Amino acid sequence: AQTVTQSQPEMSVQEAETVTLSCTYDTSESDYYLFWYKQPPSRQMILVIRQEAYKQQNATENRFSVNFQKAAKSFSLKISDSQLGDAAMYFCAYRAPEYGNKLVFGAGTILRVKS
Amino acid sequence: EPEVTQTPSHQVTQMGQEVILRCVPISNHLYFYWYRQILGQKVEFLVSFYNNEISEKSEIFDDQFSVERPDGSNFTLKIRSTKLEDSAMYFCASSPDKLSNQPQHFGDGTRLSIL
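Protein chains in written order, with the numbering used here: chain Z, 1015 to 1129; chain X, 129 to 243.
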């Protein structure tokens, strides 16, 4: 079964600093996709960034970037120049065609941003 | 930017009653999903829907649950006889097609409270 593990229940970062959220996953598939979703206190689910497993280049979206290590099955999210609005729950998610394209989520990491 | 719309934002229902949660997916999307998030827990897949039939369902999606696309725009989740443990946030999502690299767009969720 596909599993996604986020080992950090909670992280804190000072405003303007950089923080990295960890995610590991377990799969035997070679074709899959990875996502980070942000869930602010309003509980919306907002897509932050995505990575295709066949791409070696790490995805980047403005202040958000990933460190994708396929062999290690690791997919961490780096947030640079952290802002107060980044405070939220962050979920790592996996999706694969062989498993119906449903998203499998990790348990989430609460990110607190200190001013 | 097109959005997935969910109504109501909050539903309070007596145990044993039927409840219908409504979703309007993005208009040109073809795949639809329901996810559930019990307070403080991870987001869990319930069901996916394509071409007017269920593509996949999880073990959570038992006989008390059903989904329907009654017209060209709405996508509904019905819980026939609600239980206390059905209290959760329910998210609808849609994607353009079944390709895994297409992100799922989430609605803002419906908070279901069973009394």
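Honestly, the hints are just simulated from the structure, not real lab data. Don't take each hint at face value.
Unchecked claim - Straight-line C-alpha distance at most 16 Å; calculated EDC-like pairs for lysine to aspartate or glutamate:
1. X:Lys170 to Z:Asp1045
2. Z:Lys1092 to Z:Asp1045
3. X:Lys185 to Z:Glu1043
4. Z:Lys1128 to Z:Asp1045
5. Z:Lys1069 to Z:Glu1043
6. Z:Lys1069 to Z:Asp1045
Predicted model only: the values in this text are computed from it and were never measured.
- Task: Please name the hints from earlier in the document that this structure breaks, with their numbers sorted from lowest to highest.
- Result: As far as the earlier hints go, 1, 2, 3 and 4 are violated by this structure, in ascending order.
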